[in-house]
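Q: Starting from the structure of chain R, add chains W, B and X where the hints point.
Letter by letter, the chains look like this.
There are 4 protein chains.
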Amino acid sequence: MSMSKAPDGMSTHDSGSKDESHFIEDYEGHDNITIHPNAWSKYRLYIREYVAEFLGVCILIIFGTGVDCQVVLSTVTGVASSQKGSYLSISFGWGIGTAMGVWVSGGISGGHINPAVTIALATYRGFPWKKVPGYILAQVLGGLVGAALVYANYYHAINIFEGGPHVRTLATASLSGSLLMLFVSFFGSRNQDLLVLKLDYMTAVSCFFSEFLATAVLLVVVLAINDKKNMPAPPGLAPLVLFILILGIGASLGMETAYAINPARDLGPRLLTSMVGYGKQVYTFRNHYWLWCPIIAPILGAQAGSMFYDAFIYTGEESPFNRPNAAARAHHERAMRTGRRNMPAGPGAEDNV
Amino acid sequence: MSMSKAPDGMSTHDSGSKDESHFIEDYEGHDNITIHPNAWSKYRLYIREYVAEFLGVCILIIFGTGVDCQVVLSTVTGVASSQKGSYLSISFGWGIGTAMGVWVSGGISGGHINPAVTIALATYRGFPWKKVPGYILAQVLGGLVGAALVYANYYHAINIFEGGPHVRTLATASLSGSLLMLFVSFFGSRNQDLLVLKLDYMTAVSCFFSEFLATAVLLVVVLAINDKKNMPAPPGLAPLVLFILILGIGASLGMETAYAINPARDLGPRLLTSMVGYGKQVYTFRNHYWLWCPIIAPILGAQAGSMFYDAFIYTGEESPFNRPNAAARAHHERAMRTGRRNMPAGPGAEDNV
Amino acid sequence: MSMSKAPDGMSTHDSGSKDESHFIEDYEGHDNITIHPNAWSKYRLYIREYVAEFLGVCILIIFGTGVDCQVVLSTVTGVASSQKGSYLSISFGWGIGTAMGVWVSGGISGGHINPAVTIALATYRGFPWKKVPGYILAQVLGGLVGAALVYANYYHAINIFEGGPHVRTLATASLSGSLLMLFVSFFGSRNQDLLVLKLDYMTAVSCFFSEFLATAVLLVVVLAINDKKNMPAPPGLAPLVLFILILGIGASLGMETAYAINPARDLGPRLLTSMVGYGKQVYTFRNHYWLWCPIIAPILGAQAGSMFYDAFIYTGEESPFNRPNAAARAHHERAMRTGRRNMPAGPGAEDNV
Amino acid sequence: MSMSKAPDGMSTHDSGSKDESHFIEDYEGHDNITIHPNAWSKYRLYIREYVAEFLGVCILIIFGTGVDCQVVLSTVTGVASSQKGSYLSISFGWGIGTAMGVWVSGGISGGHINPAVTIALATYRGFPWKKVPGYILAQVLGGLVGAALVYANYYHAINIFEGGPHVRTLATASLSGSLLMLFVSFFGSRNQDLLVLKLDYMTAVSCFFSEFLATAVLLVVVLAINDKKNMPAPPGLAPLVLFILILGIGASLGMETAYAINPARDLGPRLLTSMVGYGKQVYTFRNHYWLWCPIIAPILGAQAGSMFYDAFIYTGEESPFNRPNAAARAHHERAMRTGRRNMPAGPGAEDNV
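If you're matching them up, the sequences are chains R, W, B and X in order. Per the numbering used here, residue 1 is the first one in the first sequence, and the count goes up by one each step. Per the numbering used here, residue 354 is the first one in the second sequence, and the count goes up by one each step. Per the numbering used here, residue 707 is the first one in the third sequence, and the count goes up by one each step. Per the numbering used here, residue 1060 is the first one in the fourth sequence, and the count goes up by one each step.
Do not rely on the hints blindly, as some may be mistaken.
To be verified - Taking lysine-lysine pairs in the DSS-like style, the calculated list, with each CA pair at most 25 Å apart, reads:
#, chain 1, residue 1, chain 2, residue 2
1, X, K1339, B, K934
2, B, K934, X, K1101
3, R, K228, X, K1287
4, R, K229, W, K633
5, W, K395, W, K483
6, X, K1101, R, K228
7, W, K483, R, K229
8, B, K748, X, K1101
9, X, K1339, B, K935
Since the hints were made in silico from the structure, they are not lab data.
One chain only, chain R, in its complex shape:
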C-alpha cells in the first residue's frame, strides 16, 4: 500500500514495447550493472516483484491470523493459563502485519499487498494492467501460505479447541463448540459474530457498506501519503503510517465485518481452511458472502476512495482526472518546439523535482 520507491508503481508508465528488458533496466537503474553476477540473479529479476507481493501478504497474514489465534485459543481450557491479548491486541496485530508486509516488499513491488490497492493503482496511477493478474495471484498465494504457517504453528491448540485433529465442522448455534467461528474468524473473515450469534441485523447492504467505507478511507490515506504535493510520509516510513491507519480502522470500523478491506487477506486463508477439512461450506455460506463482502466491496470501495481523492485533491499527471485535453496538448507541443517547458510535468518528470 506504499508506492514510493516502487520501480513500477505510481511514478512510471510502462510503455509495453520494451517489456522484456524491463526488469534488467530497472536493475541497472539501481546498480549500474549490465551483466548479472550469476545465473540465478538473472532469473530472479523476472519473479522478484511477484515474490515480494507474495512475501508481503504472507507476513501480513502471519501476524494477522496469528494474533487472532493467540487471543482466542488462549481462552480455551488447557491451552494457556490466561488470555494472551485482547481486542486491542488484535487491532495491533493486523496493523503490525500490514506495516511489516509493506516494509519487506515496498521497495521491490511497491508494497501493494492488497488486490484492491493494485487495481486502484492500475486505474488511477498508471500501474501496468498487465501485471495486475500476477500481483493478485501472488497476493492470494501469500495469504494461503501465511495462513498455513499459522495453522501449523497453532495446530495442537486448534485440535484442543475443535475437539480433535479430525474435527473441522461448521458452527452450530452455541458459541461453545462453534468450530466455524475458529475457522472463519481466524483464517477467513473474522466475522464470527455473523455466524455464531446469527446477527441477522447485519443486512447484506450493511456488510457491503462497511467494507466499502473502510476501504475507501484506506485508499484516501494511501494516496495522500504517497502524494508529493500533499504531506507525504518520509521515505521508509509509509509503513508506520499504515500501521497506525490499520490500527484505527480495526478500532473504529472493525466490529461489523472484521475489516477485510483486502480480498487476498480473506481469500488466501479461506482457501487454506477449505483444504484442511472445512470444505465447500466456506464458500456457500450466506449466499456467497465470501465473494461480495470481502472481495467485491473492498475493490469498489478502493475505486471510490481513489476517485474522490483524485477528483478533488490530486494534481499529478497519472490520474485520469488530470489528463491534458486537446488545448493543453497543443500548448505543450508549441512549448516543446520553442524550448520553453511550462506544461504539466510528464510521466517521470516528477522524479527530477
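A: Quick look at chains W, B and X alone, frame taken from chain R:
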C-alpha cells in the same frame, strides 16, 4: 493542525491584491504549469483547500465517532459477542483520526481541521482572515458528513441500542435506556456522564476550564512542532506527533468534557443528530452547553496557548509579539539602501533559509 | 532530555567571558538579526531558555498527573460512569507528557525538563554550570504550576474523593478513605502502595535502588540517541524515542517507587500539595522519603548511567573521559602550527561535520 | 538487529590483514584523529564493540524481564494494590527493550543484540566470523547482568512470591506455589504454561517450529529494513521498526514458547537463575529444552529467513546468492581495464552512492 508545507498557511502573508490569481500561482510554484491540463483541474484550484479541510475533518470524525460507536455498541446485547475495544481504544481512535485527517490535507490546506486552530493561526501566524469563514464552514460540513457515514455504518446496531429505527429520544434517569447518551456521546460531545449520571459536580466553570486548558496545551504543541527554531517535527511526520498528542489528551484530560477541543468536531456531528431525530434538544441542553463548552472554550483556549507560546518562545516575524517597532523599521530601511541585510527576516524570507 | 539543537546544550562550551551577549549572538546565528524588532523580544532573550524548561516540565506534569487523576478518580462513585483508563494508560500518559515536554522546549533550552539530566549534562557534556540553578528552579516551578492546573481541572472530583473541599488529610490504614494516596499518588511520588498498604517489604535500599537503576537506564538512552557517532534519533524525533522509553520504564520498572526518575517531577507537585492543605506531612513521611528517593537517587543514577556510557561508548571531546592528555595537547599544537588538523575535534567543530 | 551505520557490520568486509589497526582506522574515519586523546580512549577502542553488544542485551533484558516481573509479581498478595500491567504491557516491554537495546548500540556494534542475528549476518552479510564468538559472549553476559539487575530490583517482591529469601524451588503441580514459573517465566523462557499446566499438547516439534517461524520472520524484516534497495528505515529509526516488530511477534506468535527468538535473551537470564538458587534443574528440564528450543531453533530459523530473503529479494554483493561467477568476474576485469564501471558494485562501493 500542521502548518508545514501549507501553501497559504503560516509562512505566507496574503497581500489581497492578487487574490484571483492566487491559486494558479501556487499551482505554478509546484509544477511550472502555466495552463491547466483540463477544465476541471482549473476549477478545482478554487475549491481544493476547502475540500481538503472538509476531507480532513470527515476522516477525523469517521475514526473518532466510529470508535465511540464500536466500543459502546458492542456491549449491547445482540450486537456483538464481546466488547470490541476499551477506553484506551477510544483514545487511540481519536488520535488516529486526527493524524489521518492531517495526513490527507496537510500539504493542501495546512491541515487545520479545527476552527480553533484556524482562528489562532489567523491571529498569530498571518493566515488570511478572509479564508477563515470558508475553512470553518468546510470543517463543520466535514464533521456532519463524517458523522453521517458512521451513523449509516452502525445504523442497525444503533436501532438495537435505541429500541427501534424510530426511537431517538433523550436520556432518562437510568443508564440503561439512555438514548441521549448514545447520541451525544457518539455524535456530540461524548460527555455522556454529564447527562446520564447527572454529574452536577461538574460546574459550568469546570467544564469551560477543562476545554480551555486542553486546547491551550494543543496549540502550544502544534505551534512548537511547526516552529523551525524550536524542535520541529520532520517533514511529513507532524501528524505522528498529533496522534501521540491527542492520545495523551484523551488519557489525561479527557474524562470531564470528553475533550472536544475542536468546535467542528462537536458541531458537525451534533447537526447530524438533530437531523436524524433527536431534534432541538441537542442545542437547548444545559443552557446552550453546545455553544460555550465545545465551541467558545476551545477557541479561547487556543488563543491563550498561542499567546503564551508567542510571548515567551516564538521569534518569527508573523507573530504580533515580534512586530518591528519604528526604530527597527528605520534600521531595516537603511540596511536595504546600503545593501546590507541584517534585519529580522521579512515574511517569506524564512523559506530561503 | 534531548540535547540536539540546543544552543547551549551539549555541543558548545560557554567561555563565560561573553556572557551578556550570549543570547543575542545565538539569536543572530539563527536570523542574521543585529537589532531586535521590539523591546519585548530583546528582554525575552534573557529568559527564553528558562521559560522553555518551565513550559516543558509544566506540559509533562499536566499529562502525567492528569492521567493519574483521570484513571483513579474515574473509579470513585459519582465521578464517572466507568473507569477512564488503566495502568497502561498511565504509562502512556507519562511517556506522552515527556515527549510533548521536550517537543515544546527542545530547540530552545535543550529540553532537559529534569534536574538529574541537567546536572548530568553539566558534568559530562559541558553544559554550563552557571545555568544549572536557573534551569532547576524553572523545572520545579513548571512542576508546581502543571500540578496546580491539573488540581484545578479535577478540583470537584478530588473533593468527591476526599469527602469535601476542606478535607485534605493523610492516609489511614484502609484503602478506602485514604486521602494521602490521592495526594502523593497524583501530585507526589505515585507510590500509593508504600503508604496505603504499608508495604514495608520495600526497604529504603530497595526504593533507592529502583530509582537509581531506572534513571541510569534513562541517561544511557538519552546520551545514546544524542550521540552522533552511535545511532542518533533523526532531527525532531528524539521526543518520540523518549515517549517509547518512558512508556517502557513505566511498564518494566515502575511498580515499586512509581519511577519518579526526575526530581522536578516529584518536588513541584509535592510543593503544590503542601500548599493546598496537606501541609508538612508530605515532607516528613518516612524519614524524608521525598528527598532521598525521588531526588537524590535519580541524580546519582543519572551520574552512574552517564559515567558508564562515556567510559565505554562515547568518544566526543566534551566528556571528561576523553580529555586530551599532555601528549595529545602537544601534538595538537604542533599540528596547528604546521597547518595540519588531525587532532580530536575541539568544541564546536562537531557542528561543521 | 540494525546494521545501518555499523562500522563493521553489513557494509564492510574485514580483510583480516589490517586487523590491529582496525579500530583506530574506524575512529579516524569519524574524527580525523591520528592520535588518541588519552590512554583510556585508546584501550577502549578494542572493547567498544563488545561492550556495546553487552550493553544492548543488558538494556533489552532490563526492560523485558522487568515487565515480566512487574506484571506477575504485582498480582501477588502484599506486593501491590492492583496489577501493574497486562499481557499487552508485556508485549510492549519486550518491544521497547529491543528498540532501546539497538538504540544504545546500533552505531557502535551494529546492534545485533542477538546471537542468531550475528550468525545470520556472518553467513549472509559478510560480518567477520572471527568476531562472532566475542559478540555472543558479550551478548550472553549482557543478559546475565540485566537479569541480575532486575532480580535485585524485585528481590523483596520475589521473596514474598516464593515464600522467603531462601526458597528457590521448582514448580509443583499447582499454579499457586509454583516457584519455577516465576523463575523460568521471568528469567528464563517465559513459557510458564509448559511447566505449570503441564501442557503436553505442545510437542517438541511444535515448540521448535514456533521459535523457528518467529525468528525467520524476524530476520526477513531485519534484512529488509537494512536493504537500501528495498524500503529501508530512515537513519536512526530502525529501532522504531523493531519495537513494532517485536510487539507484533509477542502478540501473534508469543503464546506457545514465549518467543525467545534470541539465544542470549534466554541463556543469560537462565544462568542467573541457576546462580541464585534454582540450580541445575533449569538445564535438565524436558530433555534439555533450554538448548534445542530457545537456542538452536532461533539460530536455524534466522538462517532460513535470511536464506529466503536473499534468494528472492536481495541483490547486494555480500550475499552468497549474489556472488559473481567466472563470466561476471572476467567481464568486471575487462571493464576495469577499459575504465568503464558497469559491474556489480564491490564491497564498500555502496557507501558512495
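Q: Now, for every hint given, state plainly whether the structure supports it.
A: Here is how each hint holds up against the structure:
1. K1339/X x K934/B: 45 Å, violated
2. K934/B x K1101/X: 19 Å, holds
3. K228/R x K1287/X: 21 Å, holds
4. K229/R x K633/W: Roughly 42 Å separates the two Cα atoms, so the pair is violated.
5. K395/W x K483/W: 21 Å, holds
6. K1101/X x K228/R: Violated. K1101/X to K228/R sits at ~48 Å, over the 25 Å cutoff.
7. K483/W x K229/R: This hinted pair holds, its Cα atoms lying about 24 Å apart.
8. K748/B x K1101/X: Distance ~47 Å between K748/B and K1101/X Cα, so the pair is violated.
9. K1339/X x K935/B: 42 Å, violated
When each numbered hint is compared with the structure, violations occur for hints 1, 4, 6, 8 and 9.
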